[in-house]
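What follows is the residue order along each chain.
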Amino acid sequence: MDYSFKFAALWRYRDEIVEGVLLTLQLSLATMALGLVIGLAFAVMRKAPAAWMRAIARGYVEAIRNTPLLVQLFIVFYGLPSVGIRLPANEAALIALAVNLGAYSAEIFRAGIESVRVSQVEAGRSLGLTAGQTFFHVVLFQAMKAIYPAMASQFILLMLATSIVSSIGATELFHQAAFIESRTYRSFEAYALITVVYLGLTLVFRAFFSTVYWAVFVRRPAR
Amino acid sequence: MIRDFALADFGFLLMAARWTVLLSLAAALGGGVLGLAIAVLRIVPVAPLNWFAIGYINLIQGTPLLGQLFVLFFGLPLFGLSVDAWTAAVVALSLYSSAFLGEIWRGSLQAVPQRQWEAGAALGLTYRQRFSHVVLPQAVRISVAPTVGFLVQIVKNTSLTALIGFVELTRASQIMTAATFAPLTVYLAAAAIYFVLCFSLSWASQVLERRLHVAR
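Line order of the protein sequences matches chains G and F. Position one of the first sequence corresponds to residue 240 (the working numbering), numbered consecutively onward. Position one of the second sequence corresponds to residue 216 (the working numbering), numbered consecutively onward.
None of these hints come from the bench; they were simulated from the model. For every residue, glycine included, the Cβ atom is placed at its ideal position computed from N, Cα and C. Any given hint might turn out to be false.
Stated by the list, open to error - Simulated DEER-style distance windows between Cβ atoms:
id	chain 1	residue 1	chain 2	residue 2	range
1	G	443	F	265	37 to 47 Å
2	G	287	F	421	45 to 55 Å
3	G	353	F	337	13 to 23 Å
4	F	265	G	451	22 to 32 Å
5	F	221	G	380	51 to 61 Å
6	F	294	G	439	40 to 50 Å
7	G	289	F	340	36 to 46 Å
8	F	341	G	287	21 to 31 Å
9	F	229	G	375	47 to 57 Å
10	G	354	F	332	41 to 51 Å
11	G	371	F	341	51 to 61 Å
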């Protein structure tokens, strides 16, 4: 092997990498917020009394979960202009990611709601709580505790998946790797370095999520 | 050359989908063999081997598949291995799948209640007999549904190999878009093909889950 690795050549691009990290964080957080709202809406629809609403919710979840994110992204970015909807790369990326996350979080919400036993609701009501109080003080907390770990790992998968939007030219961390590669011709070093930066992000996310879990669900007395 | 999207073009996409299927099979096979090794390394009572497996799983699950693809595509040639897009795709997808399959299988093995080991011991079975005749058959039953479910992820993830230039369904759609200039139709058609592949697997996973859990 006569290739000499030159990771040092990447040092002058540290500002670009930091910028990429911030953009990826920004995109991930925006997607999480939007995806949670979409997911909750469709999880509620899955429980709707009207059959057609349940059918729409199920169709959405199955369609999204059984097709690749990359193709969904291409449909939004390259396909929608055919019907007059033209979106800049960053917005197309956010929409495709949020619609994708929405389907997964809808399923997680649904499982969480179903995991709370009926007897818990009955216990709440027999203690004299109103339906609203039972939902907020009894069901919601337990459902959130059940949902949290699955949602946290879904968020990490999402953060890693944001790398895919570089393919339509949206600006985030992986996009910076392509930029550095084009300037230095150090393809391997650029992509290896950026991949390691993602690993760092994953570890930070994991630490953050488990700290929050501990603070919210473990430390305080059972309710 | 701009022309309308015709039935023959859909045939072109179907032909390309064969590569998606083939790549998925190769990745499932490679990932399965490696994943088995990872699951074993993860549970054998030798601490350094456990650490190695945990480190490997964290490395793979903590980085984007796209990064792994690019690192292998550009990295393997540096070690004197001539790498085309197909090889890089198979290697990257196998490594990626092995980390997830390894964890699924470890979970399945550990989901078999400890009592089953004890019952085997009480009957005078050796460790190997307990493992292969008592625990393994039950673990396999538990693991079938999530394993088939993970195949859906593999099929979907093969789409990323389009970005290193491997001509499977997604890359073929890009090529077709350039020829027909009907991106919405082409990508929706590609999505439909992916849906048929993945939904059959999802459905099979659900059926297997219901059927294999009857005894529990």
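Hint check:
As the Cβ distance of residue 443(G) to residue 265(F) is approximately 24 Å, the hint placing it in 37 to 47 Å is violated. A hinted range of 45 to 55 Å for the beta carbons of residue 287(G) and residue 421(F) is inconsistent with their spacing of about 22 Å. The hinted range of 13 to 23 Å is not satisfied by residue 353(G) and residue 337(F), whose Cβ atoms lie roughly 38 Å apart. Residue 265(F) and residue 451(G) have their C-beta atoms about 28 Å apart, which keeps the hinted 22 to 32 Å range intact.
Evaluation of the 51 to 61 Å hint for residue 221(F) and residue 380(G) yields a pass: the beta carbon distance comes to about 57 Å. The hinted window of 40 to 50 Å between residue 294(F) and residue 439(G) is violated, with their beta carbons roughly 25 Å apart. Here the CB-CB span from residue 289(G) to residue 340(F) is close to 56 Å, at odds with the stated 36 to 46 Å. Residue 341(F) and residue 287(G) have their C-beta atoms about 56 Å apart, which leaves the hinted 21 to 31 Å range violated.
A hinted range of 47 to 57 Å for the beta carbons of residue 229(F) and residue 375(G) is consistent with their spacing of about 52 Å. The hint said 41 to 51 Å for the Cβ distance between residue 354(G) and residue 332(F), and at roughly 29 Å that hint is violated. For the pair residue 371(G) and residue 341(F), the beta carbons lie near 60 Å from each other, so the given range of 51 to 61 Å is met.
When held up to the earlier numbered hints, the structure conflicts with 1, 2, 3, 6, 7, 8, 10 and fits the remainder.
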